[in-house]
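Asker: All chains should be built: construct the whole structure from the sequences, respecting the hints.
Position 301 of the sequence shown, counting from 1, maps to 301 under full-length UniProt numbering, and the rest follow consecutively.
There may be inaccurate statements among the hints.
Mimicking DSS-like on lysine-lysine, the simulated pairs with C-alpha atoms at most 27 Å apart in a straight line are [to be verified]:
| # | residue 1 | residue 2 |
| --- | --- | --- |
| 1 | 121 | 195 |
| 2 | 358 | 9 |
| 3 | 181 | 337 |
| 4 | 313 | 21 |
| 5 | 9 | 318 |
| 6 | 360 | 121 |
| 7 | 292 | 313 |
| 8 | 344 | 174 |
| 9 | 128 | 195 |
| 10 | 195 | 21 |
Please keep in mind that the hints were generated in silico from the structure rather than gathered at the bench.
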Amino acid sequence: MPVDLEALKSAPRILIEAALKPVAGTRIQPTGFPDLGPATYQDADDVPTLLVESAQSMANRLEAVCWDEGANAIATELEGLSYVNVKLAGLGDGTDTTNSLQEFHRLNSPYIMSGKTADGKAFADVLKPELGLASVAGAGKKATKKKDDTATADEPAATEKEPDDVAGVVNLRKLATVCFKYDPNSLVHGVFLEKIAGRLRHPRALSAFIEATGVGRADSGGVKFDRALPKPKVAGLDAKGGYGNVPFHRTEFTAKAITAFFSFDLSQIRGYGLPADATALLTVLSLWKVRKFLDSNMRLRSACELELAEGDKSIVVKRPLDSFKLPTADDLAAELKKLINKCKDLFAKPVVTELTWKAKE
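Answerer: Here you go:
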C-alpha cells in the first residue's frame, strides 16, 4: 500500500523503538571497546544497563543494507540511486573496487576525494566549484632561524608553506544539493568534507543504538585445544606462536529487556532546502533502512543474534504519536522506486560516478 508521509510534514522527528530478544537461549554478546570491554552502566533509576550496539556500529549496519554483498552491487530496491564507485588501481590485481555506500567516511573517503575522473581530475576538485568554493594557495612565510643555523647572507631565506585552503562562504544548502547529486545516503548518515574544508559538514540525520536493561553477567570460558602439542615446550615452542592448550574466558550477559532505538531528524532533512521529492526520498530511504535492519537476521556477532520479540507488534513509533506507523519493507521499496525516478534529474549523470584511485605515483 502507498506510504503516507502526511503525518510527518510538521513533525520535528521520528522516534522508533523495537523490542528484541535472542534468537536462541538467553545470553547476548555485546559490542566491546578497546581498554574498556563491555559498556555497562546504571540508568537514571539505577537499573543495570548494557550498550549492546553503539551508534557508530548501527550506522554501519544501516548502511550495509544498501549493498548486496552476494551480487557486489547496490541493493535492487535502490537501483537508480546515485553513488560514487572507485576502482582501486595498484592494489592487489587492480580489479578491487570500493564505493561511497561502503566507505567509512562516505564521500570524504580518501579513495574518493583523491580518486580521479576519466579526464584525470581529482574528485575534490570536481566538488569545489559546485560548492561555490575556490582553492587558494597557502601563503609562504620566512622561516625562523635557530641559533645554530649556518646560512650565509648570500643564501636564499628558507620558507614554510601554509597548507592550501578554500575561499568562499560555506552554503550548507548547496552542500546538501551537491551531496544529494552524488550520494543521497551521505545526507542520511552524515558527511564531513574536511579534505576540502573543515566547515563543510552535515551531522547524522538517522541515529540508532541497541540497549539492554536489567542485565546480569554470564561468565564462561573454554580451552583452545592443541591435539598435537598440548605442552609445546617439549618442542621448544610456546603459546605466543599459537601452540599448546590455551584456556580463555568470556563474558556475556542476560537481560530483562533489549531495545533498539532509532531517531530520525525530520527538521534537519527539511533544512537541506531540497525539492519536495528529494526530501521525501531521504525520509523513505531512512525508514527503509530501519525496516530492512529489523527484518534481517540481526546477527550482530557470533554470539549475538537477535529478532523482534513479538513480530511487528514489537515496533512502536513513539513520535509522532498515534499518527504514523512504520510501513513494511515492500511498501517502502515501492515508494523508493517512484521517488528515485522522480529525482533522477537531481542525480549525477551518469548516476554512478566512476573514479580511479592510485597510490602516490
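Asker: Each hint needs a verdict: does it hold in this structure or not?
Answerer: Status of each hint after checking the structure:
Using a Cα cut-off of 27 Å, the hinted pair residue 121 and residue 195 holds, with the two alpha carbons roughly 15 Å apart. Among the hinted pairs, residue 358 with residue 9 is inconsistent with the structure: their alpha-carbon atoms are about 45 Å apart, more than 27 Å. With a CA separation close to 17 Å, the supplied pair residue 181 and residue 337 stays within the 27 Å bound. A C-alpha spacing of about 13 Å is found between residue 313 and residue 21, which places the hinted pair at or below 27 Å, so the restraint holds.
With a C-alpha separation of about 16 Å, the suggested pairing of residue 9 with residue 318 holds against the 27 Å cut-off. This hinted pair checks out: residue 360 and residue 121 have alpha carbons roughly 15 Å apart, not beyond 27 Å. Among the hinted pairs, residue 292 with residue 313 is consistent with the structure: their alpha-carbon atoms are about 16 Å apart, no more than 27 Å. Using a Cα cut-off of 27 Å, the hinted pair residue 344 and residue 174 holds, with the two alpha carbons roughly 18 Å apart.
In summary, the hint linking residue 128 to residue 195 is supported, as the alpha carbons are separated by about 11 Å, within the 27 Å threshold. Between residue 195 and residue 21 the alpha-carbon distance is near 42 Å, which puts this suggested pair outside the 27 Å criterion.
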